[in-house]
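Visitor: Sequence:
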Amino acid sequence: MRLRALLETEALGLRLLGGEDELDRTVRGVMTTDLRDPSRYLSGGELVLTGLAWRREPEDSERFVRILTGAGVAGLAAGEAEMASIPDDLVRACDRHRLPLFAVHENVSFASITEHVVRQVSSERAGDLAAVVDRHRRLMTSGPAGGGPEVVLDLLGSDLDLRAWVLSPTGRPIAGSSLAGAGPELPATVSAALAGEHLAASRTGRRGPHRVTVAGDTYSLFPISHSSRALAARDVRETVLSDWLLAVEADAGDWSPERLDLLDGVTQLIAVERDRRDAARTVRRRLAQEVLELVQAGAAPAEIAARLRVAAPVLLPGLGTAPHWQVVVARVEWEDGDIPGGPVAQALLEEMLVSPEAAGPEPSDRIAVAHMGDEAVALVPLPAVPAEAEGGEEGRAPGLHADRILAAVREPLSRGLDGDGRLTLGVSAAVHSAEGLRGALEEARHARRVAAARPGRVCAAGHQELASHVLLLPFVPDDVRRAFTARLLDPLRDYDRRHRAELIPTLEAFLDCDGSWTRCATRLHLHVNTLRYRVGRIEQLTGRDLSRLEDKLDFFLALRMS
1082 MRLRALLETE ALGLRLLGGE DELDRTVRGV MTTDLRDPSR YLSGGELVLT
1132 GLAWRREPED SERFVRILTG AGVAGLAAGE AEMASIPDDL VRACDRHRLP
1182 LFAVHENVSF ASITEHVVRQ VSSERAGDLA AVVDRHRRLM TSGPAGGGPE
1232 VVLDLLGSDL DLRAWVLSPT GRPIAGSSLA GAGPELPATV SAALAGEHLA
1282 ASRTGRRGPH RVTVAGDTYS LFPISHSSRA LAARDVRETV LSDWLLAVEA
1332 DAGDWSPERL DLLDGVTQLI AVERDRRDAA RTVRRRLAQE VLELVQAGAA
1382 PAEIAARLRV AAPVLLPGLG TAPHWQVVVA RVEWEDGDIP GGPVAQALLE
1432 EMLVSPEAAG PEPSDRIAVA HMGDEAVALV PLPAVPAEAE GGEEGRAPGL
1482 HADRILAAVR EPLSRGLDGD GRLTLGVSAA VHSAEGLRGA LEEARHARRV
1532 AAARPGRVCA AGHQELASHV LLLPFVPDDV RRAFTARLLD PLRDYDRRHR
1582 AELIPTLEAF LDCDGSWTRC ATRLHLHVNT LRYRVGRIEQ LTGRDLSRLE
1632 DKLDFFLALR MS
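Under my numbering, residue 1643 is the last one in the sequence shown; the count climbs by one each step, no gaps.
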């Protein structure tokens, strides 16, 4: 706003004492001070309000005005409450330094002037930002992207003092001020919690923004929907697990309709960019579909290898050596069975297989995902690993690991699936050639079935688990499993309920310690005789003998299936 506008606002009752030729200066803020030197708190463009407590002698006026002029303030408004009139030495100093000077009537509070200036400046900034957003939207919808969502989020920060982030449904930061180095990072626990809150609120059908408090801070969450898919969706479950969200560190409950409309425009702008990036994945999806169809049809390894040679440069541009490959299979299921899970699982895999530490959308450009019915299959290229690095860090083989994927996504996605949905996925080992790809696909599918046998909304299993007896459990009929576990474990549960004897935890620890009395007693902080008493009670109640391998195995399987 201009200084002239303040003078023309009768409610403020300002009187111009000097600087009529400078009234077209722009006011960018307001500051109240009685410090003799307030320069450290000035950034330029402020209207400075003062009660003149800093003035002790006429020479102080020249010093004070010189400091304000050096800081680039827009003008000075002095209150008349303490003095009958504004001192002439101050008027002369302002005239010498061409600094506009206003007198503030004693009946007008500095607070009312501050509120008026802040309201006007914020409104004008929002208007300017809205124009920029509109221009940016036109650029993005008619041609190449004009810098992506980061540009608009930077404007939200610089013009409206709003910290904002674009997050994936798993809480991975895609864009935001912290990614551009303009602010502190959003902690991973906070971003995961925000994504979970967004998914839970979206499942209820409530319109955004959703206001939540996480770690003592208030955020407003705005959904960013696929502009094309949202129109075709019949049910919120078709899109909720794949939509991005805009998290703004502010309470939007008291925002004006104009500001809410502005943020809505920002989300629409980001949605256009999201659709553009999704369209760029079409080639990778087609490559994955072609390769997997060849694998399932039992095509010759040479034909599959030729297709992989075409896919490698697209998925790993600039890679000089042929990559290794992993296969990940995912399935999203809803209890009523009416919602197609394949497209949802496909969008989720494209997000989930990006490292949680990788900010921005680009890392997902190296993953090709196809969907077949309710199942999504990801073909993940891995750069060739030097021989000395094949052990991986902490003894792990290089590549994707089911437990790491699960840890990164379980909290938020469980909120989005709560009530009637499940996500299960399996991860294969890395293979080095086309000949191993069919086995990797079957391995990933078996691992997903193992995950499906576990409780929870989000479950995952890796190829490492397929070498054990656990591989057999998913294929045991449900009624057989229930009868088997009830026969072995119900007597112990009933006894624990009546006597608080902790027989079930004791049994689990005893088996986990391979039947070692000393190690088990140490783990449970019991005397060995107490442990022997409890094991004897378990054998008495079940009619089994825990010194026999067959009975140990039966108990172990019952605990895993329960």
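In short, the hints are calculated from the structure, not lab data.
A quick note: this is a predicted structure, and the numbers were derived from the prediction, not measured.
Where hints are given, some of them may not hold.
Unchecked claim - Here are the simulated distance ranges between beta carbons:
(1) P1268 <-> A1381: 46 to 52 angstroms
(2) T1107 <-> F1191: 40 to 46 angstroms
(3) P1268 <-> P1536: 25 to 31 angstroms
(4) H1580 <-> E1631: 45 to 51 angstroms
(5) D1499 <-> S1628: 41 to 47 angstroms
(6) I1585 <-> E1374: 33 to 39 angstroms
Cβ coordinates follow ideal geometry from the N, Cα and C atoms, glycine included.
Visitor: Taking the hints in turn, state whether each one holds.
Guide: Each hint tested on the structure:
| no. | hint | verdict |
| --- | --- | --- |
| 1 | P1268 <-> A1381: 46 to 52 angstroms | holds, 51 angstroms |
| 2 | T1107 <-> F1191: 40 to 46 angstroms | violated, 21 angstroms |
| 3 | P1268 <-> P1536: 25 to 31 angstroms | holds, 29 angstroms |
| 4 | H1580 <-> E1631: 45 to 51 angstroms | violated, 28 angstroms |
| 5 | D1499 <-> S1628: 41 to 47 angstroms | holds, 44 angstroms |
| 6 | I1585 <-> E1374: 33 to 39 angstroms | violated, 48 angstroms |
Hint check: violations occur at hints 2, 4, 6; the rest are consistent with the structure.
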